[in-house]
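Heads up: the protein sequence lines correspond to chains W and U, in order.
Quick note on the numbering used here: the first sequence kicks off at 1 and runs consecutively.
Quick note on the numbering used here: the second sequence kicks off at 1 and runs consecutively.
Keep in mind the hints are simulated off the structure, nothing from the lab.
In this text, a Cβ means the ideal position worked out from N, Cα and C, and glycines have one as well.
Warning: the hint list may mix true and false statements.
Some chain U residues close to chain W (C-beta under 10 Å, calculated; not the full set) [stated by the list, open to error]:
1) Asp8
2) Tyr10
3) Arg22
4) Val38
5) Ser42
6) Arg50
7) Ala75
8) Asn79
9) Phe127
Result set (DMTMM-like, lysine to aspartate or glutamate): computed pairs, CA atoms no more than 20 Å apart in a straight line [what the hints assert, rightly or not]:
10) W:Lys48 - U:Asp89
11) U:Lys71 - W:Asp344
12) W:Lys129 - U:Asp150
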Amino acid sequence: MSMQGSIKDFIPLLDLGKETKRWEQVLRILKEPKPDIIPTQREVVWKKNKSTLWFHPAKEKKYKVPLFFVYSLLNKSYILDIGEGSSVIGGLTEMGYDVYLLDWGSPGYEDSNITLDNYILDYLKAAVKRAIRHSGVNEITVVGYCLGGTISAILAAITDLPIKNLVLATIPIDFSMGIVPSKWLEGLQNGQLNIERFADAYGVIPEDIMYAMFRGLSPIYISPMVNLITRAYDTDYVEKWRRMDKWTKDSASFSGAAFKQLFNDLYKDNKLLKGELVIGGKRVDLSNINCPLFVVSTSRDTLVLEPQSLPIMDLVSSMDKTYQVVEAGHVSLALTGTFSIIADKWLSARSEEIQPIFS
Amino acid sequence: MEKEKMYDPYEGFKQISEMWERQINGLLFMAADNNEFVRLASSGLGIHSRYMELLRKNQELMAGFMNIPTKKDVANVANLSIQAEGKIDILEEQIWNLQDSIGSLNKENLELFQEMVRMIKQMQAEFQKNIHEAAELKRMYNDLHEIRKDLVDIKIIQVNLRDVREEIEEIKDLQKKLVGVNSLNEQANIHGGLQEVKHELDQLAEIKSELALLRGILVKESPKGKVKEKELVTTK
Numbered sequence: 001m002s003m004q005g006s007i008k009d010f011i012p013l014l015d016l017g018k019e020t021k022r023w024e025q026v027l028r029i030l031k032e033p034k035p036d037i038i039p040t041q042r043e044v045v046w047k048k049n050k051s052t053l054w055f056h057p058a059k060e061k062k063y064k065v066p067l068f069f070v071y072s073l074l075n076k077s078y079i080l081d082i083g084e085g086s087s088v089i090g091g092l093t094e095m096g097y098d099v100y101l102l103d104w105g106s107p108g109y110e111d112s113n114i115t116l117d118n119y120i121l122d123y124l125k126a127a128v129k130r131a132i133r134h135s136g137v138n139e140i141t142v143v144g145y146c147l148g149g150t151i152s153a154i155l156a157a158i159t160d161l162p163i164k165n166l167v168l169a170t171i172p173i174d175f176s177m178g179i180v181p182s183k184w185l186e187g188l189q190n191g192q193l194n195i196e197r198f199a200d201a202y203g204v205i206p207e208d209i210m211y212a213m214f215r216g217l218s219p220i221y222i223s224p225m226v227n228l229i230t231r232a233y234d235t236d237y238v239e240k241w242r243r244m245d246k247w248t249k250d251s252a253s254f255s256g257a258a259f260k261q262l263f264n265d266l267y268k269d270n271k272l273l274k275g276e277l278v279i280g281g282k283r284v285d286l287s288n289i290n291c292p293l294f295v296v297s298t299s300r301d302t303l304v305l306e307p308q309s310l311p312i313m314d315l316v317s318s319m320d321k322t323y324q325v326v327e328a329g330h331v332s333l334a335l336t337g338t339f340s341i342i343a344d345k346w347l348s349a350r351s352e353e354i355q356p357i358f359s
Numbered sequence: 001m002e003k004e005k006m007y008d009p010y011e012g013f014k015q016i017s018e019m020w021e022r023q024i025n026g027l028l029f030m031a032a033d034n035n036e037f038v039r040l041a042s043s044g045l046g047i048h049s050r051y052m053e054l055l056r057k058n059q060e061l062m063a064g065f066m067n068i069p070t071k072k073d074v075a076n077v078a079n080l081s082i083q084a085e086g087k088i089d090i091l092e093e094q095i096w097n098l099q100d101s102i103g104s105l106n107k108e109n110l111e112l113f114q115e116m117v118r119m120i121k122q123m124q125a126e127f128q129k130n131i132h133e134a135a136e137l138k139r140m141y142n143d144l145h146e147i148r149k150d151l152v153d154i155k156i157i158q159v160n161l162r163d164v165r166e167e168i169e170e171i172k173d174l175q176k177k178l179v180g181v182n183s184l185n186e187q188a189n190i191h192g193g194l195q196e197v198k199h200e201l202d203q204l205a206e207i208k209s210e211l212a213l214l215r216g217i218l219v220k221e222s223p224k225g226k227v228k229e230k231e232l233v234t235t236k
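Here chain W stands alone, though its shape is the one from the complex:
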């Protein structure tokens, strides 16, 4: 008895049940395949090559103007619909918005010649056009996230499509700064570091290389595993962690031509900020954007810095423009579903609320 008492005094709060569950969960994650991501109710509207335009109908439609989501070309778009309870798209459909999502897909070897021009005009513009036709309304709200936001801003500046509102989250506009070491950025800008030959040799940059590039920005990456072990007894947390882990390691491949254009026109020459970028023969002048604009930055962003997003506020000619900094990270803004709440606050007054008809 006295021996047991002394052990308890030494490790007084060791909960065997909790510890068993913790390590069982860790073992399960190591053994089991990655979880399936169950999307919010959706239907295919249009497919082109690897891209798919999804339609997520509102649970109970409250707003006339639908939302059109554009995610980054560098990652998979299912981060916006990662699972019930933390889905941005799910949250917005619950709030009464019809949501369209353009999933770029992963380009194959045959897509090595797809440029940013193709992505913006042949894919994004066509998809927005189809979403407008599918919804049967005259206007649409475009919501761009990360590089998807940059692409959305470019489209809004050169198109005559009826874009009612433009929402941009964590977007890079000024490419003269970034999270990479300054000497690397200099090397890229003065041509010392050239990716042309690399992109041509591969044709399409494979997923693994894209993932390695992201990992190269923070090579030591043990915090997710430590977080898991710390909270592995919590089943809900483990499920969310598994989905996040799947997405983090599930990078998209990137077309070689678009990769070169991204590095040369944006990172090297910063043409978008200077107003020198030409897409489809049209010069991209961000001052052509005059629709209501909402820009969201995150304070703990380690991928897109806040000063990279800020210049758009001065470049556009919109009278109704709002800028908001949210206490979140680049990924967690979408991963936790917080973005839906922030977006709804701004969009609800600008999406033509449908007045209920009382009989």
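On the provided structure of chain W, position chain U as indicated by the hints.
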């Protein structure tokens, strides 16, 4: 609860690992932030690219010798289907445009037809009204024709009446003369003449009653009848 927090080894482990992760990443970041590293990365990238080019080239060469398709050949075939898909999309958009223009044309046609139907209905109503008016006119014409005939009769009666009045005047003259005449024969003749006058007066009374009846009909049948009646009265 206080004790529980103090003795949770995982939280401490987490904080230490986060700190280490941040510091090591910072160290690597600083170590890589120099021109030498950029040059090394650049030459590494160049070497890797050259190696990949060579590999792809040899792959194509070997596959060519063995007459087997490579990923490039498959990509070329895939490109054909992508092109076809693009063309279908263009066709679909053109069909949309056609649908839209046919739709707007149909809408315009529908509006035109609706306008035509409305006009035809209006014309039909007008036509019905005209038929009704024509029937009314025909009836009025008949009435007028009858009135005209009656007027001729009245004129004849008027002439007859004038004759009767003249005869009465003659009778009055004869009566004056009769005062001085006492012979029976003459009296008998006068009596016969008076009988004749009496008979004619009866006829006159009948004519008067017929006239009253005719006037009543005229008043009843049309407002114009009143005018005609007035005319008749003035004629009388």
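Results of checking the hints against the structure:
For the restraint placing Asp8 (chain U) at the interface with chain W, the shortest Cβ-Cβ distance is roughly 8 Å, inside the 10 Å limit, so the hint holds. This hint holds: Tyr10 (chain U) has a C-beta 4 Å from the nearest C-beta of chain W, less than the 10 Å allowed. Look at Arg22 (chain U): its Cβ gets to within about 9 Å of chain W, closer than 10 Å, so that hint holds up. For Val38 (chain U), the suggested interface contact is upheld, since its CB lies about 4 Å from the closest CB of chain W, less than 10 Å.
Given hint, Ser42 (chain U) at the interface with chain W, holds; its Cβ is 5 Å from that chain's nearest Cβ, closer than 10 Å. Checking Arg50 (chain U) against chain W: minimum C-beta separation of about 8 Å stays under 10 Å; hint holds. Using the Cβ-Cβ criterion of 10 Å, the hint placing Ala75 (chain U) at the interface with chain W is satisfied: the shortest such distance is roughly 4 Å. Using the Cβ-Cβ criterion of 10 Å, the hint placing Asn79 (chain U) at the interface with chain W is satisfied: the shortest such distance is roughly 5 Å.
Because the closest C-beta pair between Phe127 (chain U) and chain W is about 44 Å apart, greater than 10 Å, the hint is violated. With a CA separation close to 8 Å, the supplied pair Lys48 (chain W) and Asp89 (chain U) stays within the 20 Å bound. For the hint linking Lys71 (chain U) to Asp344 (chain W), the alpha-carbon distance of about 46 Å lies beyond 20 Å, and the restraint is violated. Restraint check for Lys129 (chain W) and Asp150 (chain U): not satisfied, since their Cα atoms lie roughly 87 Å apart, outside the 20 Å limit.
When the structure is compared with the earlier hints, violations turn up for hints 9, 11 and 12 and for no others.
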